[in-house]
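6 protein chains.
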Amino acid sequence: MAASALPGVESVLAAALCEDLGRGDVTTRLTVPDGRMGEAFLTAKQHAVIAGLDLVTPVFELAGGGVILRLEAADGDQVVPGRILARMKGPARVLLMGERVALNFLQQLSGVATHTRSFVDAVAGTTARITDTRKTVPGLRVLQKYAVRVGGGSNHRSGLDDGILIKDNHIAAAGGLGAAVGLAKSGAPHGLKVEVECETLAQVGEALTAGADIILLDNMSVDDMRQAVKQVGGRALVEASGGIVLANVRAVAETGVDLISVGALTHSAPAVDISMGWQS
Amino acid sequence: MAASALPGVESVLAAALCEDLGRGDVTTRLTVPDGRMGEAFLTAKQHAVIAGLDLVTPVFELAGGGVILRLEAADGDQVVPGRILARMKGPARVLLMGERVALNFLQQLSGVATHTRSFVDAVAGTTARITDTRKTVPGLRVLQKYAVRVGGGSNHRSGLDDGILIKDNHIAAAGGLGAAVGLAKSGAPHGLKVEVECETLAQVGEALTAGADIILLDNMSVDDMRQAVKQVGGRALVEASGGIVLANVRAVAETGVDLISVGALTHSAPAVDISMGWQS
Amino acid sequence: MAASALPGVESVLAAALCEDLGRGDVTTRLTVPDGRMGEAFLTAKQHAVIAGLDLVTPVFELAGGGVILRLEAADGDQVVPGRILARMKGPARVLLMGERVALNFLQQLSGVATHTRSFVDAVAGTTARITDTRKTVPGLRVLQKYAVRVGGGSNHRSGLDDGILIKDNHIAAAGGLGAAVGLAKSGAPHGLKVEVECETLAQVGEALTAGADIILLDNMSVDDMRQAVKQVGGRALVEASGGIVLANVRAVAETGVDLISVGALTHSAPAVDISMGWQS
Amino acid sequence: MAASALPGVESVLAAALCEDLGRGDVTTRLTVPDGRMGEAFLTAKQHAVIAGLDLVTPVFELAGGGVILRLEAADGDQVVPGRILARMKGPARVLLMGERVALNFLQQLSGVATHTRSFVDAVAGTTARITDTRKTVPGLRVLQKYAVRVGGGSNHRSGLDDGILIKDNHIAAAGGLGAAVGLAKSGAPHGLKVEVECETLAQVGEALTAGADIILLDNMSVDDMRQAVKQVGGRALVEASGGIVLANVRAVAETGVDLISVGALTHSAPAVDISMGWQS
Amino acid sequence: MAASALPGVESVLAAALCEDLGRGDVTTRLTVPDGRMGEAFLTAKQHAVIAGLDLVTPVFELAGGGVILRLEAADGDQVVPGRILARMKGPARVLLMGERVALNFLQQLSGVATHTRSFVDAVAGTTARITDTRKTVPGLRVLQKYAVRVGGGSNHRSGLDDGILIKDNHIAAAGGLGAAVGLAKSGAPHGLKVEVECETLAQVGEALTAGADIILLDNMSVDDMRQAVKQVGGRALVEASGGIVLANVRAVAETGVDLISVGALTHSAPAVDISMGWQS
Amino acid sequence: MAASALPGVESVLAAALCEDLGRGDVTTRLTVPDGRMGEAFLTAKQHAVIAGLDLVTPVFELAGGGVILRLEAADGDQVVPGRILARMKGPARVLLMGERVALNFLQQLSGVATHTRSFVDAVAGTTARITDTRKTVPGLRVLQKYAVRVGGGSNHRSGLDDGILIKDNHIAAAGGLGAAVGLAKSGAPHGLKVEVECETLAQVGEALTAGADIILLDNMSVDDMRQAVKQVGGRALVEASGGIVLANVRAVAETGVDLISVGALTHSAPAVDISMGWQS
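Protein chains in written order, with the numbering used here: chain W, 18 to 297; chain Z, 18 to 297; chain D, 18 to 297; chain C, 18 to 297; chain F, 18 to 297; chain U, 18 to 297.
Keep in mind the hints are simulated off the structure, nothing from the lab. Please note that a few of the clues may not be correct.
Same chains, same label: a pair holds when it works inside one copy or across any pair of copies.
[As the list claims (entries may be wrong)] Calculated cross-link-like contacts (lysine-lysine; reagent style DSSO-like; alpha-carbon spacing at most 30 Å): (1) LYS202 <-> LYS247; (2) LYS62 <-> LYS106; (3) LYS202 <-> LYS62; (4) LYS184 <-> LYS106; (5) LYS202 <-> LYS184; (6) LYS184 <-> LYS62; (7) LYS184 <-> LYS247; (8) LYS247 <-> LYS106.
On a predicted model such as this, the values are computed, not experimentally measured, just so you know.
Isolated chain W, as found in the complex (with noise of 0.2 Å):
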């Protein structure tokens, strides 16, 4: 499914379209004429994993529209520097307007499917899989967790509506790890699994009894991890969560864990250095 397909996100382009616009681009409106044409390419400047790259087309549309797009690349291929990406004809003031805002979303999408792939071939040839979080940027979270499977990651739940996850607050609060999962058992729709967060192996037992689903693994050592995957043996999934980087994400994955959440994929993924020239 295209990322301009995903429910909700035209009005996000709308919206940073608006912010950019604010009562209408001045120098536009002053220095070019209404009727000239334009041609334009998109380019990439560094090594890069794309994503984003159909949202060009509704941005030109919500600026005005009249721009025709050629695609010369597409989600999920991994460019050099120099790869021309597409192409643009229409007139000059919509391709002017729409400019930056196309930018912006394609260099913060394609940030983080090129951060989310170094993580995942950093674990290649072992069972783990990289997921993303919740700790995403404000107002991007669907489009940033289309670029995390873009990048080859999988992903987590995509807000508190969609996923059972027990903290230590919610089994403090329940009085114990057992009873807050028995509760999330019975209650919750059927078609959830039930995660709990562990922070020692001790509490993974507790977990197993109680019938947990899933079992995060909370900041442990990796020979913690490697004893817990053991202690598991295959009856739930299981997952590591917690200063995960790229120089320790291989050791995370050989313990045997199923799932590797990495807040950074969506939280500090750097952008992509892509630009916009112009057919002289």
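Chain W is already provided as a structure; the job is to place chains Z, D, C, F and U on it using the hints.
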């Protein structure tokens, strides 16, 4: 002016909360009783400049309210790891439902302020000001520009409507740099200065002749910048732009330019690690 | 969690009030002086399970405010005709402007809770849970699913994003039941179970082999359901669906299925008769 | 005027789709390839009056578009079980994502039209018109009132602003029935008639004296209604209201009243069973 | 009912503030310290009827809040130049940010009330009422119609849905005046009167025969109006419309028409000069 | 840039149409058959400068679409009474439902353009430009400022964020005119000029010393203005403001000021009489 008082911020917060809550927090509904109270605190986990602290209150208000917050730091503070930023008391459900969204804003904005501060410190003692660009994260521009100010930077225009910046395509469309500047000067609201992007020293001369108020030196070498500053001789403001990173920003500043614009302040600032702990 | 605290409910209430008020209550403006106060009370006119009582307060708040409300019943209460549910005091204009909207919500939601309760009571003593479906009244899903819980039912997924349910068309498109289940298991967020709709006992076998977490028996005879439950033997949850009414629900429950989904809970629950009387 | 052309309907459809899709259809994304096409048809499963058929097109448009629809019935048609209502061809993903929402609207509105038609048929040959009330499902008033018209009923006011209806509390506040009618007649926009609710024959007399245009007989016995009609003698329209069901509506109509308002048309109409089948 | 209590007004105020603030008040942010308080007062600079005074409070609330306002006049007051209308104390930033928007509403609405009052005074002693039209300033209809009432005028329909007015094109489409009136009388919600526009005395006759409730005399001469009033003889309300200005309104009123509608009340009322002064 | 291409205009049009249609055009629904076509034309009834003609198309699009429009004039045209502005063909229902809203915009904006033109003509031959202010009709600022340009005027700032204007209260809060100008110059985005309001010639001197870019002469006599212009001597732009009407604007312009701002352009421009006729 506090971040929460900026126009449009309340709806940005509400959208972010809505994005995270979806149809509601299943885990919390099932495991945490309705009347239960909790206490929590926010802690910085790394060296950082804090920005966005006052957003925490409206986030918890939108998440259900009833939270009492005591700030122990203020926006602009340079903090060390372990520094407590705020203490909160309130309904446990509300604290749990607002936690991630509050942290996401705080981490992103503190990231921008911290990144900005490093550039500002690098040019200390010169006359150059560090400014942001329109390369912002979609939907967060007003907040990111606030964080730039908190980090000691200054703001470029907020969008296409509150500043005039003539680029090569405007010049081409208008039939020359002088013509473009002329159109802008005669047609623009009289409160806006006219800025023009120059790629060569020859263009700098043209811009001065045409009466440009600000000259942007686009991707020039440090030597050319120094030359351009001399050429301008105070008749216009001079802004350096393009390819400026921490490693070269001081050299750029020492050319005598008035302004240095850096896209990375807002498009690639890594999030600051801030966490919410619970009083046991 | 109270109905009024569910995400998005306040805007649903505001839209309903706006729908009723239009440009304002002409009759009340012309005949009721601005400062006049009034007292009123809500009464059930039939046997019912009440749901949505706490919505009355925000409706009057949106209608102008100043109303003090004393609840004399709570959501989930099974009431008899004549039972007073709440007493209100406040500006007569506000009471008149909010009356119909408050009642419309209360009558609809109590209808759902009452209808649900009759199904839940009918299967008392079996291990089957009554669940809702996505056959809800457009715009009221979150509230109707709340009312189902109030009536003792449990919730199926809230939408297409927080649960996986593979139907015949997905199976055809994926190239077979096993293939479809496999795609879902490997690609879905790891917190979601995989449910698959089966029309025959042979398909039930395929679903088990493929590792489905939940098996939906679509319009099967009671005998086939009993057979299917045996065949599954606890390796997956079993949900009965299709053509289930009060007259046959107990027979279905006694087959041993875990879940019985009933569209009529939300698409055809008659409104409960509740009226607002005035203290003279 | 088609249902889809009514003011505000497009946003009601969009909200319903958003409610169902949430962050997107996981099952379909994972199991149905992007380019796959499908064919489907809508079938009535029971005797019904159809309403809302033209909403199907904009629902699929909002769900992604590309669906070609051929209507084989029209709003107002009285159909028998098995009757095909429409045939559709288009992207399988779009058909799957829009299916439930399209059906939910069609089932609810056909329910209202069908229920209305049964009341209208019951009074055939008398001079009474069946009208709706403001007891509608929140958010669906414009559509439900459309369905009432499709079922042969007529509409009462749409809200508090496009009709005047003086009830007992208005009377009390104004200091008497005559005073209330007087205030309404002198202050209201001149295009609105003045209707007043009467509980006794004495009040009917007062209302006539005061010049009321319409008299609502509130919960009167059939005998009193007959008496009231005689008393009014054509000087005002007479509306019967309160406790009217299919079993007694003809008797009420035969008293000679002009209008009979029935809340159940909109608050308790059971959904019509309509399903979407797939061409194999 | 106060202006600020009219449906939809709060969002009209918020939109106006947003329109003026954009991304925020730069001047005030830079020159006025955050905690500084101020005192100000509103003064009429000309003879006027005041309308919209109670909007000042919500405007300052939306601009940041904390302002205490003491009204020294009320809507409907006829004031002389120099009259103080209200005194305010609060944060200087909030007063500065809300000032212009508050004044813009107050000046526009007082303009409408003042203009209306001049027409109402001109027909004093006759039986004619001055009414507004749908020729209102886009977005301000509810407020302008309120101001008309404040100025002593009465309201025509608010829009196309709360009144029936048959014009020449409706007549042509329906196949004659009588046919059009008949369709409207049988199909309309029973609380709406049927008004029909007549250009000749012959049409007035047709309208009476068809049972029209209100007859609009479109651009007739004063003599024809007098004739029409006689012809109608109280069997319908008579409204004069078209080309009516202060200079001829009394002559029109003296023909005995019941209503005189004047577009200029709302489309061309000059703003009243009201200013905000600061306590030094 | 056409009026309809200005940011936010489409939603302003939609809101206006919604305001007029309410729940729908009853008269048209009842009297005009669904398929009926019509032809109409727009005519100016007085001398005017036309503005907003291109808004007619999107209004009819929003009202249902299918209307083909042929413009016979363009924004900025100075027309005489009787001049046809556009011809339209399309569904009669759509033409009837969009007519009033289209006219309301066209009449208001042409009013502003016409009023502006009279001021611009009055200063012809001088070097003064006529500019608007923030005294606009709430909700219509972007459109009114467009109409000012159409009438030959130039625009002042659009809001509080795209221009700096220091008034007496900012001066008082900052501790003096020089201090206020200094704070603005050092803190503002570098693309904004600093304008300061002066009431005396002494203040003009202070402003020059402080480096103000623009000096606003507030309510000065013509003699003082002449003096101020001399004093400034081209070191800053000079704007005259306060009490300027058609009768004195030329005298003001002849003092040599650069700009003359006139609130009445937007707050008190009478609507231009434009009507829609029907082809019989």
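Hints, one by one, checked against the model:
1. Proximity of LYS202 to LYS247 under the C-alpha cut-off of 30 Å is found in both arrangements, the shortest distances being 24 Å within a copy and 23 Å between copies.
2. Proximity of LYS62 to LYS106 under the C-alpha cut-off of 30 Å is restricted to the intra-copy arrangement: shortest distance 21 Å within a copy versus 43 Å between copies.
3. Neither within a single protomer nor between protomers do LYS202 and LYS62 lie at most 30 Å apart by alpha-carbon distance, with minima of 50 Å and 35 Å respectively.
4. For the identical chains of this complex, LYS184 and LYS106 are inter-copy neighbours only, at 19 Å across copies versus 52 Å inside a copy, given an alpha-carbon limit of 30 Å.
5. Taking the shortest Cα distances, LYS202 and LYS184 sit within 30 Å of each other both inside one copy (15 Å) and across copies (25 Å).
6. For the homomeric pair LYS184 and LYS62, the shortest alpha-carbon distance between copies (20 Å) is at most 30 Å, but the shortest distance inside one copy (42 Å) is not.
7. For the identical chains of this complex, LYS184 and LYS247 are intra-copy neighbours only, at 22 Å inside a copy versus 36 Å across copies, given an alpha-carbon limit of 30 Å.
8. Taking CA atoms no more than 30 Å apart as the test, LYS247 paired with LYS106 passes in neither setting, with 59 Å inside one copy and 40 Å between copies.
Checked against the numbered hints given earlier, this structure breaks hints 3, 8; the rest are met.
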